[in-house]
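S.K.: With the sequences and hints as input, model every part of the structure.
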Amino acid sequence: MDFDFTEEQQLLRQTVERFVADRYDFDARRKIIAQEPGWSRAIWSDLAGLGLTALLVPEAQGGLGGTPVDALAALEPLGKGLVLEPVLASAIVAATLIESAGDAAASAALLPDLASGERIFAPALYERAARYDLSAPGTRARRQGAGFALDGAKTAMCGGGAADVFLVSARLDDGLALFAVPADAPGLLVQRERGYDGTPVATLLVDDVKLGADARIGADATAAVARARDVAVAGLAAEAVGAMRQTVALTADYLKTRQQFGRPIGSFQALQHACVDMFVASEEAWSAAILAAARCLDPDARTRMRAVAAAKATINRCARLVGQKAIQLHGGVGMTDEYAVSHYFRRLAAIERLFGDTDYWLKEYARAG
Amino acid sequence: MNLSYDDADEAFRGEVRAFVAAALPEATRRKVLGGFELDKHDMQGWQKALHRQGWGAPSWPKAFGGPGWTPVRQFIFDEECAMAGAPRLLPFGLKMVAPVLMAFGSPEQQQRFLPAIMSGEDWWCQGYSEPGSGSDLASLRTRAERRGDVYVVNGQKTWTTMAQYADWMFCLVRTDAAAKPQAGISFLLIDMRSKGVTVRPIRLMDGGCEVNEVFLDDVEVPVSLRVGEENKGWTYAKYLLGHERTNIAGVGLSRRAVADLKELAARETIDGAPALADPLFAARLAEAEIALDILEITNLRVISEDAKGDRRGPGPAASILKLRGTEIGQAISELAMQAMGENAMPFDRDRMVGEVAGNRDDAAAAATPVAAEYLTLRKTTIYGGSNEIQKNIIAQTVLGL
Ligand SMILES: Cc1cc2nc3c(=O)[nH]c(=O)nc-3n(C[C@H](O)[C@H](O)[C@H](O)COP(=O)(O)OP(=O)(O)OC[C@H]3O[C@@H](n4cnc5c(N)ncnc54)[C@H](O)[C@@H]3O)c2cc1C
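Protein chains in written order, with the numbering used here: chain A, 1 to 369; chain B, 1 to 401.
The reader is advised that the hints may include incorrect statements.
To be verified - Some chain A residues close to chain B (C-beta under 10 Å, calculated; not the full set):
(1) E36
(2) M157
(3) G187
(4) E193
(5) L255
(6) S287
(7) Q324
(8) M335
(9) R346
(10) L354
(11) D359
Claimed, not checked - Result set (SDA-like, lysine to any residue): computed pairs, CA atoms no more than 25 Å apart in a straight line:
(12) K232(B) to Q260(A)
(13) K391(B) to K31(A)
(14) K363(A) to K391(B)
(15) K31(A) to R200(B)
(16) K391(B) to L255(A)
(17) K391(B) to Q269(A)
(18) K238(B) to K31(A)
(19) K391(B) to H273(A)
Treat the hints as calculated values from the structure; they're not laboratory data. Quick caveat: nothing in here was measured; it's all calculated off a predicted structure. Where is the CB? At the ideal position from N, CA and C, for every residue including glycine.
M.R.: And the structure:
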């Protein structure tokens, strides 16, 4: 048993931590948010320079061949900085989708650009009706000549607003297929928005989008989509822990400095205990993130499913507790846009609903037996 | 023991319902029900419409021009208005400064201010909190120096709700720096157009600017606009606390929120069926609604006691209603977020503002009001005496801890 990061992983973590401290403090982030498109290509290039975009891409395609535990080391500090740029979407989820599809030609065509950060990829798997069940989208693909035509509607709430290429899941014949669809494909209507957490999101209207045969990635995509979702949960968990830890730190700091009734409000036991609850939750969340990182690719289906479900259900519970209590303990200041804590609260609220809410994962856990 | 409203009260409910249906402007109703931002015109328009009906001040006694309704009728009125999508009546004039004026104001002050509150002509805001004085309000530092027949006021108020629209602010100021904190405070009425008043908006996390900082620089306030005696302001301010019990729990608003939630959960799907039919979701919804049913009984218990004249004024009842009312309201908004799933994400505050708000039909237009509600409702456990402070009150006054 060993809960330590390797030396490389520690180095990676420190590198990202330093980047966030130097380049992504709260003011820098505010400036990025205040401008269109709400995230920064320059920062994206820097993140690529640190190797983050290449993290999970196999070495053969110009990547670092990393694991979910490497992602844990890198994404926790990104969460601390509330980094808006779509590392999770492109470097974690999309990379896993493409790589898991086992399609040599598609991998060769897409992964080098993904790894270098040249193009940004985002998953477009979620749909309003099918919700967190990513295996049964309503979007359909028809065969047309040698290629395909797609119809449907998708939401891309994980980085979709920044994507150059969407990885769109669709029903084809009786199975699930995955397509690489450029954001400017004719027939694809991309409505780019900001999420309430500030991240770039998009909704997609897919109206008779015509694609060549080479747009399809792999054969049946069921396994690749499931695998990407599990890795996504691990990545999101890592990010969530970073955000929670920073939220706890901000709150403890505030309790020490804010004076009411002639003393720091941190001297009131009711608030101490609330802050301790937040701290305990952040520790549980770290255990959950470790569990997900270590087991999200476990070959045993039950082991994998229980771990991923337990991790996300726990992350969701802890994210809500930490975020809500943080606002409460800050009083009026916590409600403001100007002060950092409400931004952490918003991101934690979004995390609670991305890639499966609590009820969804409770059911999955029970189903795993 | 009988939990039913009597026939006269039921008839009253029907009367209110019919009036609101006829008098509430469609545009305003649409904004309220859609969760969009209301402007001054919407809110003041509704106040004026009520006033024309003689209902401008539902909680006031007849002696001051109110309808003299029993607390039960006030409760019914609030519930019907909320369910029908009427704007919430702002409490600052009607329920905060007015009772103080009735109890402690001079006849001149009463004549000058009360009618304009009831008619909706004057907009009031509450200038209590300061950057350094929130829960510990008695530590406030804004000072007023007497110079002849004016006070010269200097300091800063903050979190002042809707000050951007206000004509008047009732304000706590320090008039005796040497006295104990509570003993040196006076209650002033400040004309917001006075020289030296600066209002600066504060953006909150839902993107709206409902609160403000109010800076007071050498603002001259006639001594005739002090309520009651000098240095007795704390007593008057405390008189306000716990005075509000018919609507503090927000039962009507939460009822409407539950109705909205059920509509939403009928449209959204979980496992291929309406979210409402999902056993886990249904159980969570039932839990929230049960809490609301019980809150309503608790609230009616409290106001029935009040009606008997058994006890009035601050007490644990108001604290219980505030605690549970705010927690339940927040829980309902969490369920609305859950019902929307990832589609709750797209957020664009502009979609909530102005006439176009209701006419947009895209992902952000549907999601923004739901998320904004979730975000903004966090304030309810902070303001009006935070929930921690309410618990302190119960611990001290009821449990003797
Ligand atoms: C949206 C909004 C609208 C508002 N509108 C108005 C308005 O119109 N006019 C006005 O005057 N004010 C208004 N307020 C201010 C509101 O009354 C204060 O925010 C509130 O009193 C809390 O004060 P604070 O924000 O300074 O927090 P603090 O008092 O600093 O409290 C911070 C935290 O410490 C806790 N705490 C403080 N003391 C204790 C204690 N003794 N024991 C345990 N816990 C404690 C609090 O509960 C809170 O969790 C508004 C606030 C908000 C958020």
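S.K.: Evaluate each hint against the coordinates.
M.R.: Results of checking the hints against the structure:
1. The interface hint given for E36(A) is violated, since its Cβ lies 13 Å from the closest Cβ of chain B, which is over the 10 Å cut-off.
2. The beta carbon of M157(A) is positioned within 10 Å of a beta carbon in chain B (closest approach about 4 Å), and the interface hint is therefore held.
3. Using the Cβ-Cβ criterion of 10 Å, the hint placing G187(A) at the interface with chain B is not satisfied: the shortest such distance is roughly 18 Å.
4. A least Cβ separation of about 4 Å between E193(A) and chain B falls short of the 10 Å threshold, and the interface hint therefore holds.
5. Here the hint on L255(A) is broken, as its CB sits about 12 Å from the closest CB of chain B, past 10 Å.
6. Using the Cβ-Cβ criterion of 10 Å, the hint placing S287(A) at the interface with chain B is not satisfied: the shortest such distance is roughly 24 Å.
7. Interface hint at Q324(A): satisfied, since its Cβ lies 7 Å from the closest Cβ of chain B, which is below the 10 Å cut-off.
8. Residue-level restraint check for M335(A) holds (minimum Cβ-Cβ distance to chain B is 5 Å; threshold 10 Å).
9. At a threshold of 10 Å, the smallest CB-CB gap from R346(A) to chain B is about 6 Å, leaving the interface hint in force.
10. Given hint, L354(A) at the interface with chain B, holds; its Cβ is 6 Å from that chain's nearest Cβ, closer than 10 Å.
11. Residue-level restraint check for D359(A) holds (minimum Cβ-Cβ distance to chain B is 4 Å; threshold 10 Å).
12. This hinted pair checks out: K232(B) and Q260(A) have alpha carbons roughly 22 Å apart, not beyond 25 Å.
13. Proximity of K391(B) to K31(A) is assessed by CA-CA distance (about 40 Å); at most 25 Å being required, the pair is judged violated.
14. Between the alpha carbons of K363(A) and K391(B) the distance comes to roughly 36 Å, so the proposed pair goes past 25 Å and is violated.
15. At roughly 21 Å between alpha-carbon atoms, K31(A) and R200(B) fall within 25 Å of each other, so this suggested pair holds.
16. With a C-alpha separation of about 19 Å, the suggested pair K391(B) and L255(A) falls inside the 25 Å cut-off, and the hint holds.
17. Between K391(B) and Q269(A), the direct Cα distance comes to roughly 13 Å. Compliance with the 25 Å bound is thereby established for this hinted pair.
18. Distance check on the hinted pair: K238(B) and K31(A) sit about 43 Å apart at the alpha-carbon level, beyond 25 Å; violated.
19. At roughly 14 Å between alpha-carbon atoms, K391(B) and H273(A) fall within 25 Å of each other, so this suggested pair holds.
The structure fails to meet hints 1, 3, 5, 6, 13, 14, 18 from the earlier list, while all remaining hints are met.
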